[in-house]
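4 protein chains.
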Amino acid sequence: MAASPPFYAVVVGVGSGTGASVARLFARRGYPVALLARKDANLTPVVDAVTAAGGTALGIPTDVSDPASLDAAFAAVAATWPGARLAAAVYNAEAGFAYKPFLELTPEDLDRALATGAKGLFHFAQRTIPQLLDAVPSEEGKEQQHPPTLIVTGATAALRGSARFATFAAGKFAQRALAQSLAREFGPRGVHVAYAIIDGVIDTPWGKDRVANDGKADGKISPDAIAESYWHLHTQPRSAFTHELDLRPFVEKF
Amino acid sequence: MAASPPFYAVVVGVGSGTGASVARLFARRGYPVALLARKDANLTPVVDAVTAAGGTALGIPTDVSDPASLDAAFAAVAATWPGARLAAAVYNAEAGFAYKPFLELTPEDLDRALATGAKGLFHFAQRTIPQLLDAVPSEEGKEQQHPPTLIVTGATAALRGSARFATFAAGKFAQRALAQSLAREFGPRGVHVAYAIIDGVIDTPWGKDRVANDGKADGKISPDAIAESYWHLHTQPRSAFTHELDLRPFVEKF
Amino acid sequence: MAASPPFYAVVVGVGSGTGASVARLFARRGYPVALLARKDANLTPVVDAVTAAGGTALGIPTDVSDPASLDAAFAAVAATWPGARLAAAVYNAEAGFAYKPFLELTPEDLDRALATGAKGLFHFAQRTIPQLLDAVPSEEGKEQQHPPTLIVTGATAALRGSARFATFAAGKFAQRALAQSLAREFGPRGVHVAYAIIDGVIDTPWGKDRVANDGKADGKISPDAIAESYWHLHTQPRSAFTHELDLRPFVEKF
Amino acid sequence: MAASPPFYAVVVGVGSGTGASVARLFARRGYPVALLARKDANLTPVVDAVTAAGGTALGIPTDVSDPASLDAAFAAVAATWPGARLAAAVYNAEAGFAYKPFLELTPEDLDRALATGAKGLFHFAQRTIPQLLDAVPSEEGKEQQHPPTLIVTGATAALRGSARFATFAAGKFAQRALAQSLAREFGPRGVHVAYAIIDGVIDTPWGKDRVANDGKADGKISPDAIAESYWHLHTQPRSAFTHELDLRPFVEKF
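Protein chains in written order, with the UniProt record's numbering: chain A, 1 to 254; chain B, 1 to 254; chain C, 1 to 254; chain D, 1 to 254.
Among the clues, some could well be false.
One copy or two, it doesn't matter: identical chains are merged, so the pair holds either way.
Keeping only pairs whose Cα atoms sit at most 25 Å apart, straight-line, the calculated SDA-like set for lysine to any residue is [claimed, not checked]:
#, residue 1, residue 2
1, K208, D48
2, K253, A84
3, K142, E108
4, K39, G141
5, K142, V211
It is worth saying that the hints were derived from the structure and are not from the lab.
Just so we're clear, the structure is a prediction, and the values are computed from it rather than from any experiment.
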């Protein structure tokens, strides 16, 4: 029987390509990765890709807006990797968003945006922050280990409420508020909380038809590049934490 | 029987003192005012104060997080002042907020913050924006009338997610997102949407024991002063709309 | 010989129309107005307009980027209205700005932008802040008088460094920094410092050919409307100071 | 005679420790580094440290606020490494700043802040942007090379004009404006312009007596950690450029 790993990472959401890239990269850099997403069909190819590359992945179908579902997910993690401590948690949940005139938006559009943007992160953070606090190294051990990290995938709409983006922006603004509060409360206790403003269209295999920036080369964001920036955030020592950064294609207007 | 007034104003929330001051001022400047708040006990003294000063007020117990309750409120307005057009809508709903370490916050704390901050405004805007659009004057009439206005009472927590303010900030960030989206969508159609960042403690009769800024004179915000700024926003011509302003006591740190 | 007035206002800059409108309005509301601008030709019509409307104005050709020139201006004010205290100071200096690709900008473009945006305000504030502090009313007198006020005319470029606006934005960012610092230092001492983000083209008689927002009605900002907002800022009691607000035409994209 | 290197990096300023750390790291990762600073005494130890670690460094005493001095510096670089292209330019100039009540600040305090914050960057960018544009790889070569990068060291005062920081904030705000404008103009042409908000005290050997965050471990920012984040910025592919990030000690209030 294999020994349980000392650390693991957890990633929520694979809808945008970012989750899959982060899982692959963090696995390649040594962490077994628990992958949480609503649909098993989204999980399987990522688990397979991680495994094929020599990494370890555990896919757990989970509804992050449901606390009980999240609890079950972390129970499954604990059963699979008993005693493993949480090194990195990535909240990357995405729901399709309603791009509509305000008067055509429904209360359900708002509920969905708040559920994915804010409530899911709330539940996830309530379950991961205690684990991350447990993983904060002692003064002596701090050179051997990266500070435990919570990274949240934001969007332009976290900074700007554009016309026709009312509900999506509401969810993302709320999410950014939570991330800021968490950073201010738990940073001083050694947990690194970071918020990434993804400002552009992500380049996913299944989004090949979606044109951005007039189809210019590198006009969409490489999810692997996002993963590298997330890894960099994770490796920052506690004397130099980044809380917020933006990521956009060079040709993107901002 | 009295003729129905040509215009009216509606104010949601009297919890902070701001709603009562706005109602009194907008009534004094000529608008009959519909006042919506959860508890009849909060409405009665404000209705009485407006009436005693020679104004017209209609208090309607309403739960703004409940669309049906809001619909009933506007039906009551329409029955009382048939044909009156909406000149100004003020969203000033406040719920007590949870000031707690993040790990002690409950999902209900978040729900409450989002219900008051975001959902209530969403429902209120979906019902008032069409009325405000109806009240946009023709090119010829625009000198005789202030542009129809939606004003939302924000807070410091709309700009900053402080430690221990996670859920309150989530609600206020989401609210600010909605207000921005509304301004960008409906400003060009003649409706003025403004967001006021109230940065300080409001000076209410029932909050006399709450010390702010070491008890210095004018260390709390006068709700009447807020009302004057709201009136100024309402009177801005469409060539010079303010979307966002801050309001704070001179001694407040920022 | 006429008695000296108890208070006066001073306005720097008439290039954009805002200065002239502010002078007219503040004079109409009772303050004699000292008007400082580089060119006598710009001053004369404004002085005449104020006088024709029954107000009092004093035009003083001044180079605000030159401390000695500013000192001479305030000496002239003191000689004309001995003992008058400064109620309101408006910094509205504008220089034409260089709209060019960065590599075509000259060091002189940057110098000019910093001179008007930052240095002029620095010199002006060093001369007006002591006067404004002297005009802060006693606790008893504070109901009879508006708090002494310094208002600075900003621009979109104070918030955003757009391509081809490098030097103009540098000047306006620096200006906003100064205004913020002044607000934080002198607000608690009773001086109201406000910064207005003018986001759009100002509608001036001499700018009639300049098209904005496709020539739509009210697609440019009325300088009289700006003046009304400045007056509102001036009248805010110290319990509810606004530090920053934006002003834009309803059809302006933002 | 040694062959000229294909690429080089240039770093302005070693006053804060950041410049020295960046020079050492970028040299270790393969770039010869030109180091520009006012005083030879500051340059020598850094050049020695880079050389001792097997890297290549060229120290050039330079006054970046003087265009002629900068021109001479780049002429010296071209003479030393003929044909080498500029891979990374780091503007890290710092001047001591005036922490004083506004009314005690002198025009020279403002001039100095603007000279270091804004003018030096302006001159530096006018000389490095053309070189960085020349170094933009062709479509085919873009996988073999990091995008040419200009990184500017900012500070909290670039976002916030605090009391007693008026001139320093003016310089830093202006600097941020320039960095934004450059990013928006030259990003689409393949040059990565990034701005780092250094929010805290930097931990330098010569600043050991300066206490920050009550002397807590890692309460000051490690300049080596800043250098790692700058290197990460440099390595971001053009599909995912970060324009702005913050860096602060975990215990720093923000």
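Right, here's what the structure says about each hint:
1. K208 - D48: Classified as within; 22 Å inside a copy, 51 Å across copies.
2. K253 - A84: Intra 43 Å, inter 31 Å, cutoff 25 Å: neither.
3. K142 - E108: neither (46 Å within a copy, 37 Å between copies)
4. K39 - G141: Cα proximity of K39 and G141: none, with 38 Å in one copy and 39 Å across.
5. K142 - V211: So K142 and V211 pass the 25 Å test across copies only (21 Å; inside, 45 Å).
Hints 2, 3 and 4 from the list above are not met by this structure, while the remaining hints are.
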